[in-house]
Amino acid sequence: MLWLRTWQLGVKSLLLHPLRSGLTMLGILIGVWAVIVLTAVSQGASDQVQKQIESLGANTIIVRSVKPSADKMTGMAAQYGLRRSDLELIVSNVPTIESALPIREIRRQFTVSDNTVDGRLVGCTPDYAEVNKLKVRDGRFLADADDLRADTVCVLAARVADKLFPLVEPLGKRIYIPESEDYYRVVGVLEHRNASAAIGGSLDSQDFSGDVYIPSKTLRRRIGDTVFTRRSGQMETEIMELNQITLQVADVDRVRITAAMVESLINPRHAMLNDVAVVVPLELLEQARNLRLMFLGIGVLIACISLIVGGIGIMNIMLASVTERTREIGIRRALGAKRGDIVRQFLVETIVLSFSGAMLGILLGFLGPPMYRLLIYSVQKFSPEKFASLPDAIRQAEPTIVYGTIPLAVGIAVAVGLLSGLYPAIRAAKMNPIDALRHE
Amino acid sequence: MQPYSVANPPVPSAVNSSFPETGAAAAKPPAVSIRELAKSYVLKSETVYALRGVSFDVPEGDYVAIMGPSGSGKSTLLNMLGCLDKPTSGQFFLGTDDVSKMTDDELADIRSRRIGFVFQSYNLIQQYSVVENIQVPLYYQGRLGQKEKDRAIALASSVGLADRLGHRPMQLSGGQQQRVAIARSMMNDPYFILADEATGNLDSATTDEILGLFDRLNNEGRTIVMVTHEDEVAARAKRIVRLRDGLLSSDKVNSEESRQEARNRQAEHVQALAQLKH
Numbered sequence: 001m002l003w004l005r006t007w008q009l010g011v012k013s014l015l016l017h018p019l020r021s022g023l024t025m026l027g028i029l030i031g032v033w034a035v036i037v038l039t040a041v042s043q044g045a046s047d048q049v050q051k052q053i054e055s056l057g058a059n060t061i062i063v064r065s066v067k068p069s070a071d072k073m074t075g076m077a078a079q080y081g082l083r084r085s086d087l088e089l090i091v092s093n094v095p096t097i098e099s100a101l102p103i104r105e106i107r108r109q110f111t112v113s114d115n116t117v118d119g120r121l122v123g124c125t126p127d128y129a130e131v132n133k134l135k136v137r138d139g140r141f142l143a144d145a146d147d148l149r150a151d152t153v154c155v156l157a158a159r160v161a162d163k164l165f166p167l168v169e170p171l172g173k174r175i176y177i178p179e180s181e182d183y184y185r186v187v188g189v190l191e192h193r194n195a196s197a198a199i200g201g202s203l204d205s206q207d208f209s210g211d212v213y214i215p216s217k218t219l220r221r222r223i224g225d226t227v228f229t230r231r232s233g234q235m236e237t238e239i240m241e242l243n244q245i246t247l248q249v250a251d252v253d254r255v256r257i258t259a260a261m262v263e264s265l266i267n268p269r270h271a272m273l274n275d276v277a278v279v280v281p282l283e284l285l286e287q288a289r290n291l292r293l294m295f296l297g298i299g300v301l302i303a304c305i306s307l308i309v310g311g312i313g314i315m316n317i318m319l320a321s322v323t324e325r326t327r328e329i330g331i332r333r334a335l336g337a338k339r340g341d342i343v344r345q346f347l348v349e350t351i352v353l354s355f356s357g358a359m360l361g362i363l364l365g366f367l368g369p370p371m372y373r374l375l376i377y378s379v380q381k382f383s384p385e386k387f388a389s390l391p392d393a394i395r396q397a398e399p400t401i402v403y404g405t406i407p408l409a410v411g412i413a414v415a416v417g418l419l420s421g422l423y424p425a426i427r428a429a430k431m432n433p434i435d436a437l438r439h440e
Numbered sequence: 441m442q443p444y445s446v447a448n449p450p451v452p453s454a455v456n457s458s459f460p461e462t463g464a465a466a467a468k469p470p471a472v473s474i475r476e477l478a479k480s481y482v483l484k485s486e487t488v489y490a491l492r493g494v495s496f497d498v499p500e501g502d503y504v505a506i507m508g509p510s511g512s513g514k515s516t517l518l519n520m521l522g523c524l525d526k527p528t529s530g531q532f533f534l535g536t537d538d539v540s541k542m543t544d545d546e547l548a549d550i551r552s553r554r555i556g557f558v559f560q561s562y563n564l565i566q567q568y569s570v571v572e573n574i575q576v577p578l579y580y581q582g583r584l585g586q587k588e589k590d591r592a593i594a595l596a597s598s599v600g601l602a603d604r605l606g607h608r609p610m611q612l613s614g615g616q617q618q619r620v621a622i623a624r625s626m627m628n629d630p631y632f633i634l635a636d637e638a639t640g641n642l643d644s645a646t647t648d649e650i651l652g653l654f655d656r657l658n659n660e661g662r663t664i665v666m667v668t669h670e671d672e673v674a675a676r677a678k679r680i681v682r683l684r685d686g687l688l689s690s691d692k693v694n695s696e697e698s699r700q701e702a703r704n705r706q707a708e709h710v711q712a713l714a715q716l717k718h
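Heads up: the sequence lines are chains U and X, in that order. No gaps in the numbering here: position 314 of the first sequence is 314 in the working numbering, and each next residue is one more. In the working numbering, each residue carries its 1-based index in the second sequence increased by 440.
It is worth saying that the hints were derived from the structure and are not from the lab. Do not rely on the hints blindly, as some may be mistaken.
27 Å max Cα-Cα, derived DSS-like pairs, lysine-lysine [what the hints assert, rightly or not]:
1) U:K133 x U:K163
2) U:K135 x U:K173
3) U:K135 x U:K51
4) U:K430 x X:K468
5) X:K692 x X:K468
6) U:K12 x X:K589
7) U:K173 x U:K163
8) X:K526 x X:K468
9) U:K217 x U:K135
10) X:K587 x U:K12
11) X:K692 x X:K678
12) X:K541 x U:K430
13) U:K430 x X:K692
14) X:K541 x X:K468
15) U:K381 x U:K51
Starting from the given sequences, assemble the full structure and let the hints guide the process.
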């Protein structure tokens with residue numbers, strides 16, 4: 001009863017000065033809001049990164065060809081990148097590897113009558129679809145027999161199929177590749193798959209939407225390792241045997257050691273040009289976790305600063321309030337209020353202040369994710385260049401409120417309110433009632 | 441009441457009592473009793489003796505005016521009687537309990553249970569309504585029920601504020617505010633009402649009203665101790681205690697005739713003023 005009344009009185013006193021109380025609340029409000037929104041955004045960003053990495057698979061190791069810097073390239077037609085002998089070396093020497101997937105990619109144009117599509121011609125083995133989690137919509141994916149016979153068959157990504165064959169069923173039809181002057185028969189069409197974003201600088205984004213898959217052996221026989229590409233009016237020659245080898249390790253615990261073995265096998269062979277990179281998604285996963293922790297740390301830091309500032313604001317206002325209400329304190333003391341009653345009265349006011357601030361902060365925090373989406377949307381709309389320059393993790397992040405932060409934020413806010421209210425309250429209680437009554 | 445035990449209860453003083461020593465009255469302890477009360481302050485290196493040993497009793501139902509020039513120790517005595525300050529030496533009994541050696545919290549409790557304050561500047565809490573202000577003394581005893589609220593409303597009505605129950609102090613005249621304060625002072629059914637220059641801020645007509653209210657309360661059996669420096673106000677009390685230089689200089693009883701004379705004088709004055717205005 002007494003407590004209930006004390007709370008009522010606290011609210012009443014605060015409502016006497018609504019503007020002052022509102023401004024005092026602001027610091028706590030912003031602090032709580034910051035905690036919720038920053039953790040939501042960082043959670044969203046790290047979810048995004050994590051999803052990508054998990055789609056690559058935690059038990060895979062990716063060995064990629066990297067174009068060496070220009071000064072290391074001698075002559076126009078120098079060869080670089082992974083060799084088929086690298087693949088053999090890895091497969092025959094590393095026992096922990098379950099499967100190895102060699103991939104060769106070439107940018108090509110595909111045409112069917114008047115329809116033309118730019119895309120990747122990917123030479124791969126039948127495992128490719130499974131490893132990259134590609135699903136077949138119509139027909140089938142490449143089979144072992146295709147590779148064995150080096151058949152001129154292909155499987156189209158959904159977008160390619162829809163563009164080349166807008167009106168007819170693609171299965172059984174042929175597509176033409178002008179640069180190789182070659183025809184391929186369509187045996188399958190894949191389901192559409194969204195592009196995955198790049199991870200840091202070590203792994204490009206994976207866009208499967210413009211792909212045409214043919215057997216490795218076919219690509220090697222009909223196109224070979226030397227590829228001519230026309231780039232800004234110049235002919236460029238590129239000699240490369242493989243773009244990528246995707247290795248799968250049976251046991252996730254052995255991923256690191258396998259990667260180390262692969263590196264020690266391959267690096268000496270490519271030390272000159274430094275044209276091979278080994279990417280371990282598992283490590284990226286851990287990096288992403290660290291990144292998330294960093295995000296969280298920064299968020300918490302900002303929130304703490306805001307809460308401290310809010311606390312100072314509360315203390316400031318309460319000190320002013322104590323001075324202003326000296327007379328009231330005197331009256332209450334004369335009429336029987338104990339020191340504890342006065343402390344309680346002022347503490348209740350600060351708790352009401354900080355708690356309401358925290359509640360409003362939570363409400364605004366829930367508006368954070370839609371606000372973030374609106375922000376990203378407007379950047380995309382009004383300044384596409386800037387949007388393109390943003391990291392993928394931020395572009396595609398979907399902020400998710402971390403519910404655990406809400407009680408934490410409220411707890412901290414109320415603690416700040418208590419701490420900052422304590423000194424003014426004690427000061428009020430320590431006043432001599434005689435002097436307080438005489439105060440004008 | 442709080443069971444504050446005491447080693448040696450006060451001896452009713454025949455000298456200072458204004459009441460004739462009848463058998464029943466003598467057995468009953470006075471509402472207030474002070475013995476050799478002294479208070480000194482240390483200001484810088486100098487010790488100021490504000491009270492140098494004052495003794496008197498206020499029996500139940502008495503109406504005492506405490507007078508004295510500034511520097512006489514009047515305010516110090518008031519603070520002591522109001523349990524707002526502790527004496528350096530001497531004893532102060534409220535009923536049978538010695539309050540001179542109580543702790544701060546115990547004094548707060550005594551104030552809330554046994555003393556009714558009426559101040560010169562009313563000292564109402566601005567954000568509270570009339571009824572809420574009257575309830576404050578019981579609030580700190582944790583008594584906030586409907587019964588207490590009804591009592592507050594009854595007290596407000598008894599001082600003529602039945603139609604102002606929800607008003608804030610700002611919306612009331614000085615006289616009305618002082619009535620609220622008087623109603624508040626009775627809320628806890630105190631041992632005595634301690635009025636500090638209760639009419640100091642009021643004009644003659646309102647002063648007369650408020651003093652009339654005190655007369656009425658006293659007739660109903662309330663004990664009143666009033667600190668004042670106005671002779672006309674003191675003339676209406678049953679007894680005047682004068683202080684000088686921290687010592688009791690006189691303690692005299694006002695006869696019923698002189699009190700009635702004072703009442704008439706003031707009523708005439710108020711009437712004359714009223715006619716002047718018209």
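Results for each hint:
1. U:K133 x U:K163: holds (23 Å)
2. U:K135 x U:K173: Answer holds: U:K135 to U:K173 is near 20 Å, not above 27 Å.
3. U:K135 x U:K51: Within the cut-off at roughly 18 Å; holds.
4. U:K430 x X:K468: violated (38 Å)
5. X:K692 x X:K468: holds (22 Å)
6. U:K12 x X:K589: holds (19 Å)
7. U:K173 x U:K163: holds (14 Å)
8. X:K526 x X:K468: The hint holds at about 26 Å.
9. U:K217 x U:K135: holds (22 Å)
10. X:K587 x U:K12: Holds. X:K587 to U:K12 sits at ~23 Å (cutoff 27 Å).
11. X:K692 x X:K678: holds (9 Å)
12. X:K541 x U:K430: Since the Cα atoms of X:K541 and U:K430 sit roughly 19 Å apart, the hinted pair holds (cutoff 27 Å).
13. U:K430 x X:K692: With Cα atoms ~40 Å apart, U:K430 and X:K692 exceed 27 Å; violated.
14. X:K541 x X:K468: holds (23 Å)
15. U:K381 x U:K51: holds (26 Å)
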